[in-house]
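Chemist: Read off the chains here:
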Amino acid sequence: MNAHAIIFYFLETLAAVSAIGILFTRNVFYGALLLITCLLAIAGLFIFLNAEFIAVTQILIYAGGVVVLIIFGVMLTAKISGKPLVVKNQNWLPAVAAGLFFFGLLLKLFSEATFASNSHTVTSQYTFINQIGILLMTDYMFAFEVAGILLLIALIGAAVVASTFQPSKKAS
Amino acid sequence: MMFPAEHLLYLSALLFSVGMMVMIVKQNTIMMLLGIELLLNAANLNLVAFNQLHPGLLTGQMFALFVIVVAVSEAAIGLAIVLRVYKYYQTSVPGEVNELKD
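So the protein lines, in turn, are chains A and B. Heads up: the first sequence begins at 4 in the numbering used here, then just goes up one per residue. Heads up: the second sequence begins at -11 in the numbering used here, then just goes up one per residue.
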């Protein structure tokens, strides 16, 4: 049990506990903070899996972007009514039934399956970040451009949907 | 050093189940969006964990990258729709939004 393993299992436990905390909290703001904890722990796990670029992207986009967006959403929806956002929990029985059934199913599948792995570890002279940059501009060029267009569409669409701008009616 | 991929798969199974339960249990649209983010992260964790089994390839990591892009778009559009619905109906409980137009 060396330091790597201790940090690895600590991050796994942190991600699991904070995800379960989202399930039981009644406050949306606490839920967003627990989501940040969970996402940062998952980013730490990505570093252990030789996915440094995914880890940094996760921190930048999720912790820096999505969760801030969600907190903005919480504050904007709380401002109108003036009362704090307390979430009601309903449908516990079907939720727990579906969740435990799905969890058991996945555990059974994952524990029975044997995944083929290339046991020999390839040590490249390039870092993975270097390879990701090359791949993005060669093999995944089309997907990269489509992702850019998707982000542009999402930006414009979110701005239009959320804006309160009313087009001036023509004088009739 | 290599960690057993099974532990990551168990964690992603847990995250997926918890995300699904959050989406069913919570009576608030923003909390449901949090659940969707958990689901997407569980899928991402699986992709990166399976990528570790094939050290020469980066397909799983690239797929995870595009999943993150789609998740960001989904979060932005979803929150915009939540705000719009909140302004119109003055509620963020999905069960109370039960009419198309009055």
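Fair warning: there could be bad hints in the mix.
[What the hints assert, rightly or not] With a straight-line Cα cutoff of 20 Å, these simulated EDC-like cross-link-like pairs (lysine to aspartate or glutamate) come out: (1) B:Lys75 x B:Glu87; (2) A:Lys91 x B:Glu(-6); (3) A:Lys111 x B:Glu(-6).
Note that these hints are calculated values from the structure, not bench results.
Chemist: Kindly indicate which numbered hints from before are broken by the structure, ordering the numbers from low to high.
Modeler: The structure breaks only hint 2.
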